[in-house]
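Chemist: Below, each chain spelled out in residue letters.
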Amino acid sequence: MADGIPTWEEVARDYGRFLYTVAYRLAGNDDDAQDLVQEALLRVRRGLERYEPGSLEGWLARIVTNVFLDDMRRRKRRPTSALPDDPDRVVPPAPAADVASRELPAHLQEALAGLPEDFRVPVVLCDVADQSYEQIATTLGVPVGTVRSRIHRGRRLLRTTLTEGAA
Amino acid sequence: MSEHDLTEDLLSAYLDDELDAGARADVEARVAASSEWQAILDEVRDTRDGLRGLPALDGPPEFWARVMAGAALQGDALEGGAERVQVVDLEGGAERVQVVDLDAERRRRRVPRWGLAVAGAAAAAAVVIGVVAVPQQDRVRPAVAALTDEHAARSSVGNDVISSLASIAVPTRLGR
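Protein chains in written order, with the working numbering: chain B, 1 to 167; chain E, 1001 to 1176.
Some hints here could point you the wrong way.
To be verified - Which residues of chain B face chain E? A partial, calculated answer using Cβ under 8 Å:
id : residue
1  : 108
2  : 115
3  : 126
4  : 128
Since the hints were made in silico from the structure, they are not lab data.
Computed from a predicted structure; not experimentally measured.
Every residue gets a Cβ at the ideal spot worked out from N, C-alpha and C, and that includes glycine.
Working from the sequences, and respecting the hints, build out all of it.
Modeler: Below you can see the structure in the form of structure tokens.
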């Protein structure tokens, strides 16, 4: 690391786990998390020259969040069909393919994945990526007050979901 | 902050240490005075602790090899770069992904500069020899030299120099 600016390889090696964790909590599944991480690392590679030494995790959280939000917008523009044209061509997933989900408390992960995106993103950035409200506001381009409200409502919704699931 | 400014979302901000000292004091006073707020604070704290207690995640075992290889491949396309991905078959049907240093590979294949210089000099020499040193053929038509030789031969036979000139003389009409 020269002048506080890491190489791409150092970012991938030292912060890959952080990126994957944030990506997984945002996306809710392993396949999408992998796609997010790959795209995020590509953007890291493009942007390293412009990186100003500071909170590297904050910078990476912003990148992976932007990748996730871009992906969400793309999916909304081009919704994919739930059923393929030829059902015979469907290859069922391997039973144990989703390694990460087996490692998590399933109910909490499911509740998080079920949160509306507007609440899930700030909650993940706060409780998973450990970002301040100010950083989250900058990432999302919204006022700090909006971040505060969404985090609180997101946690309350999670609590309600978990309580209803347990009943 | 007055009492009526207190909103419930301050409870999360309180837990996240995102309030200034005055607001913290207000929230603590409100929680102390309200069982409802106390209950909400407890619930939000439990949820927050649960989220923060989730373990960090690793991808599947082969994931990072593919990430590194894929990013290297895309970086190569972006930067005209120095790496590419190569999948190597191993025994038992397994595969291993490795990144190849393309710059090193190009250096191995590259014709050395001195070789190019020699080839250029040889081509220039061939051009010079072709233009200057090889005798040029007489491409003038008609072949004047051959005609004058023929005339000389004929005139020497009959000793009639003037009449022998007729065969090569250009007819000329004088005026009038």
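Chemist: Look at each hint and say if it fits the structure.
Modeler: Consistency of the hints with the structure:
1. 108: Holds - the Cβ of residue 108/B comes within 8 Å of chain E, reaching about 6 Å at its closest.
2. 115: For residue 115/B, the interface hint is violated, since the closest Cβ of chain E sits about 11 Å away, which is over 8 Å.
3. 126: Check passed: Cβ of residue 126/B comes within 7 Å of chain E, closer than 8 Å.
4. 128: It holds, given that the least Cβ distance between residue 128/B and chain E is near 7 Å, below 8 Å.
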